[in-house]
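So the protein lines, in turn, are chains A and B. Counting from 1, one number per residue, gives the positions in the first sequence under this note's numbering. Counting from 1, one number per residue, gives the positions in the second sequence under this note's numbering.
These are calculated hints, taken from the structure and not from any lab test. Heads up, a few of these hints could be off.
One copy or two, it doesn't matter: identical chains are merged, so the pair holds either way.
Stated by the list, open to error - In silico EDC-like links for lysine to aspartate or glutamate, alpha-carbon gap of 16 Å or less:
#1 K95 <-> E72
#2 K95 <-> D34
#3 K56 <-> E72
#4 K38 <-> D8
#5 K81 <-> D34
#6 K57 <-> D84
#7 K56 <-> D84
#8 K68 <-> E89
#9 K30 <-> D61
#10 K95 <-> D66
#11 K57 <-> E72
#12 K56 <-> E89
#13 K95 <-> D76
As the structure is a prediction and not an experimental result, all values here were calculated from the model.
Protein chains: 2
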Amino acid sequence: MIKTDDEDNVIFIGNKAPMNYVVAVLTEFKKSDDVVVKARGRAISKAVETVEIVRKKFLSDVSVTDIKIGSENIIDDKTNKPMDIPTIELYMSSK
Amino acid sequence: MIKTDDEDNVIFIGNKAPMNYVVAVLTEFKKSDDVVVKARGRAISKAVETVEIVRKKFLSDVSVTDIKIGSENIIDDKTNKPMDIPTIELYMSSK
Numbered sequence: 001m002i003k004t005d006d007e008d009n010v011i012f013i014g015n016k017a018p019m020n021y022v023v024a025v026l027t028e029f030k031k032s033d034d035v036v037v038k039a040r041g042r043a044i045s046k047a048v049e050t051v052e053i054v055r056k057k058f059l060s061d062v063s064v065t066d067i068k069i070g071s072e073n074i075i076d077d078k079t080n081k082p083m084d085i086p087t088i089e090l091y092m093s094s095k
Numbered sequence: 001m002i003k004t005d006d007e008d009n010v011i012f013i014g015n016k017a018p019m020n021y022v023v024a025v026l027t028e029f030k031k032s033d034d035v036v037v038k039a040r041g042r043a044i045s046k047a048v049e050t051v052e053i054v055r056k057k058f059l060s061d062v063s064v065t066d067i068k069i070g071s072e073n074i075i076d077d078k079t080n081k082p083m084d085i086p087t088i089e090l091y092m093s094s095k
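Throw the hints in and build the complete structure from the sequences for me.
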């Protein structure tokens, strides 16, 4: 299952193939006018890819209204030391 | 060498370690108030990481003024077929 936030309109990008997240975004747009795609670390590229596939191949009326980047401090699994990983939030709207 | 655009203030993210691009951005900010970081495909995550390292560790007065995403149509090396890859442009300013 693809993880969603407490706020139902947030899609978190993980390790699956991009098309899984494309379907999740399309499903979300049936319920909501606004969908947020979030990712961190290496999944950031896949988040951008997901949003682009949605816009180019499926929902041409959807626009990207805002893009935010940031950092999260996590404990690295291998070294057990804190490290910063980059994050992205892509805000999409069909309005 | 790290590739820059005709417009001198553009840094293209490639296959090197993020710190190489951090240094390139810092060097560019000595010459210019505005620097653009561009990437496509998997390098998009590294582009966001580069911008975050610059802001958090080196230049706290630099802000991200705009972020654009898009797609480029390229011929895939392996399959010889056209495919879309996602792109990102991160606009930074010290003003």
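Unsatisfied constraints (hint numbers, rising): The structure breaks hints 1, 5, 12, 13; every other hint is satisfied.
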